[in-house]
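For the sequence shown, counting from 1, position 273 maps to 583 in this note's numbering; every step adds exactly one.
Keep in mind that the hints were calculated from the coordinates and are not lab data.
Warning: the hint list may mix true and false statements.
Capping the alpha-carbon separation at 25 Å, the derived lysine-lysine pairs in DSS-like fashion look like this [as the list claims (entries may be wrong)]:
#, residue 1, residue 2
1, Lys451, Lys473
2, Lys450, Lys473
3, Lys733, Lys711
4, Lys450, Lys464
5, Lys711, Lys725
6, Lys440, Lys450
7, Lys725, Lys651
8, Lys506, Lys464
9, Lys752, Lys733
10, Lys434, Lys559
11, Lys473, Lys506
12, Lys450, Lys559
13, Lys464, Lys451
14, Lys371, Lys346
15, Lys440, Lys608
16, Lys451, Lys440
17, Lys506, Lys468
18, Lys651, Lys559
19, Lys559, Lys371
20, Lys450, Lys434
21, Lys377, Lys346
22, Lys608, Lys752
23, Lys730, Lys711
These numbers were taken from a predicted model, which means no experiment stands behind them.
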Amino acid sequence: MKKQSIKTCFLLCLCLFCLFTVGCGNTKNKNTALTKASDFNSPDVTIGVAEGYIFGEVVEKEYPDAKLLYFADREDVYRALEMGDVDGVADDEAIIRAIMRSTDLFTLTEGYVEPSDYAFIFPKNADGEKHQQEFSDYLKKIQENGDLQRIDEKWFGKDTDNKVSEDVSSLAATNGTLSLAFDATTIPFSYFSAGKPVGYDIDLAIGFCREYGYGLMIQRTDFTSLLEGVAAANYDVGCGAITISDHRKETLLFSSPDYTGGISIVKRSEAELEADTDAISSFARHFRKAFIEEDRWKLFLTGILTTFLIFFLAALFGSPFGLILFILSERGGPVLRWLTKAFAFLVHGVPVLMILFSLFYSFYRNMFMGGFIVSIIGFTLYFGDEVYQMIRNQAYAFENKDLTRDYHLLAIDGKTFFRKFRKHSGHILRRDYRERLVTLLKFTSVTGYIAVNDMSRVFETIRTESFEVVLPLLFTTIVYFVIIRLILLLFRDR
311 MKKQSIKTCF LLCLCLFCLF TVGCGNTKNK NTALTKASDF NSPDVTIGVA
361 EGYIFGEVVE KEYPDAKLLY FADREDVYRA LEMGDVDGVA DDEAIIRAIM
411 RSTDLFTLTE GYVEPSDYAF IFPKNADGEK HQQEFSDYLK KIQENGDLQR
461 IDEKWFGKDT DNKVSEDVSS LAATNGTLSL AFDATTIPFS YFSAGKPVGY
511 DIDLAIGFCR EYGYGLMIQR TDFTSLLEGV AAANYDVGCG AITISDHRKE
561 TLLFSSPDYT GGISIVKRSE AELEADTDAI SSFARHFRKA FIEEDRWKLF
611 LTGILTTFLI FFLAALFGSP FGLILFILSE RGGPVLRWLT KAFAFLVHGV
661 PVLMILFSLF YSFYRNMFMG GFIVSIIGFT LYFGDEVYQM IRNQAYAFEN
711 KDLTRDYHLL AIDGKTFFRK FRKHSGHILR RDYRERLVTL LKFTSVTGYI
761 AVNDMSRVFE TIRTESFEVV LPLLFTTIVY FVIIRLILLL FRDR
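Take these sequences, add in the hints, and give me the full structure.
Written out as structure tokens, the structure reads:
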């Protein structure tokens, strides 16, 4: 049996390695032929783009033959390019050049997918029209006196010692304060450095406010929220390499262009392609990036240890808890029996993820209880219910029904009942318990790597998208509860 298991594991690892090397095989020949942006209009080429920007729309229109792959943000799409998951990334040329100044992993291809102009945006109202005109006048002035050229050289030049924007607290605000929303991922237009907003667009905004006597309140948003927020007049102005388009003009006002460039395509450099000349070197490179660089192996080790601790403690506490639930449901008073069965009914009908979310939301504000402790408590409740259901189902199986009825009616003591029960059904209980342990390990493995660290991020996402946490959580829990109960009723024993 042991030899068979070892052989199975070896064959599985071999298959995974073969799949990996096929996916990471030699792409050098194809990529070296992609020297111009127009070369990417091919069904054999995959172009990555970040969601929320105009790049995907432009690539679909200009390069209809290419495969398009969307990613959550710029960080993800450039990581995919680095790992060879896409052949190129479509982005603003200025931002590509800024990224290339800090790394030699990428090469800019020749030409544009589409030339474009960038500008500041304003809401379509009276104040927006006023500020749009003032800003356009300001741009015209600094173009004529050479200040715009100096700002351009500062942020797009090679000098790294001058990449600092002025503190907005120095603005007089004699004519009120403007709220500026900016995208912090558009280096060098707008981003964070040393905890402060800096960049080409930030300098322009500060100079404009000084010219017209405005104060400035800068707020960071993602790109989609930036566009929607300015359109809804939640912000007075927005910036961050925003491309002027007819579609956006339907809901926004644009200033005169503050930068002229275009959407380009970047690919991996020749040095990176050289590293993938064969499957073995490709595998070694991916292994190094995934596990070795920046001590990333520690993340996997932490996840395994966290999983094991949650699994072990949930099983340690949940097993006796399930047994206690069974005893109370059979031998407790009327109130205890009702409470026990009601608790089991609720826990059994709610997904474990909803239990974790409910516990986390109930305690994370007012107590030190973090995701780790919440996970232990949540999985203890879940596993306790599993043990309770396991014992109860077997106790009322045909061969044990009379024995359990005597125990329930206090006709026999607990010691006698469990001795006979274990004798009749101990082997079945051991098998069922083992299967439930395996299921518990599968559930806690997800928590060990993700939920413990990201519970707060999940709740912030819920709060951001719905402006509430309690109602969406309660509604989702009820929906899943009803679905689970319907499934249990549909497949109940006749």
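> What are the numbers of the hints that this structure violates, sorted from low to high?
Replying inline: 9, 15 and 18
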